[in-house]
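Protein chains in written order, with our numbering: chain A, 1 to 200; chain B, 1 to 79.
For the record, the hints were derived by calculation from the structure and aren't laboratory data. In this text the structure is predicted, and so the values were computed from the model without any measurement. Take the hints with a grain of salt, since some may be wrong.
Claimed, not checked - Here chain B is said to cover these stretches of chain A; the calculated rule only asks that three of the stretch's residues, wherever they fall, bring their Cβ under 8 Å from a Cβ of chain B: (1) 66-75; (2) 105-114; (3) 152-166.
Stated by the list, open to error - Some chain A residues judged to face chain B by a derived CB distance under 8 Å, without partners named: (4) L81; (5) P139; (6) Y144.
Positions of the beta carbon are idealized from the N, C-alpha and C atoms, including for glycine.
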Amino acid sequence: MVKAIPYHPSSTHAFTFKKSTKDTLLKLRGGDLGPISSDALAKTFGVLAIGDAVAGTVAPIEVWDKFGIKVEPGSKGEHYLGHGIGSSASSLAVTSLLALTEITSIEEAIGYGILTRCAYMTEMLLTNKYKELGVPTTPHISIYLILLAAAFGLVSGNSDYVGLAKVVSIVLAGHGGLLFLNPRIDGKWHTCYRCDLLVV
Amino acid sequence: MAKIDGGYMFISSFYTALLSFGVDPIASMGYTAIFCIPLFLSVFDLIDDEDQLLFGLSTQAWAFILVTFIGTSAYGMLE
């Protein structure tokens, strides 16, 4: 006999059947925070990413100055804390909010998120900013075209492009992770710095 | 500063990767939020004057608030 137990204090269902513990053994366990649903928490993080996107895109120097961080206008620091964060934050905000609000399918949400990152890369191409930063043209355009192909494939509803999205997202996550762990951009790590500017 | 850029690129792409592998969007954000903690803590390293008050609170107090907020939120999104 399976004993009925309350699944979660904030659940609208008074009782539910006991769950199998096999599914949760290897998972971090959590749940709603009292009256605050997990859905609302996730959307909150999406909205916070919008703030980072706007700040990084519109006025990075002024915003960082309010937090006691001085950024030289026109420096590479402005690129990292402005253009770079704006690009990633916009992508995260678009993907998460479209997926969480279920306005689009998950595949389309991923596609629009990648498309948002492509918008920032387009700006770099049109203004030749990537050349000023010393980025090689061929790798920059290659990654740009791969991202565009993945985005348009997903936005057009072709689920076959999910595989490409997996590859692209893993590569970008790996690249970002390595840059976070070893951000030295001078001396012998100059190559890493140049690679970073391939994708903003 | 490149560290912050790299960290943000990681969490953005990590969330996309989890979604593309079929993880639930809410749980994906929970896992992503966990990785936001080291990213936001590294932002404090950029502050020139460590004794400077940010909106009336010290950087240590902000670090505690941020870790508590993100950690609690991540717990709420996971399951």
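Practice item. May I ask you to test the interface hint for Y144 (chain A) with respect to chain B, counting a Cβ-Cβ separation under 8 Å as satisfied? Key: Hint violated; Y144 (chain A) Cβ to chain B Cβ min 15 Å, cut 8 Å.
Check your understanding: At a Cβ distance under 8 Å, does chain B reach at least three residues of the segment 152-166 of chain A?
Key -> Coverage by chain B holds here, the residue count being 3 at a Cβ distance below 8 Å.
Check your understanding: Are three or more residues of the segment 105-114 of chain A within 8 Å, CB to CB, of chain B?
Key -> holds (count 5)
Check your understanding: For the hint on L81 (chain A), does the least C-beta distance to chain B fall short of 8 Å?
Key -> holds (5 Å)
Review point. Regarding the hint that P139 (chain A) lies at the interface with chain B, is the smallest CB-CB distance below 8 Å?
Key: Violated. Min distance 16 Å.
Point to revise | chain B covers the segment 66-75 of chain A, three or more CB atoms within 8 Å, holds or violated | key: With 5 residues closer than 8 Å to chain B, the segment 66-75 of chain A meets the three-residue bar; holds.
In this structure, the hints that do not hold are numbers 5, 6, in rising order.
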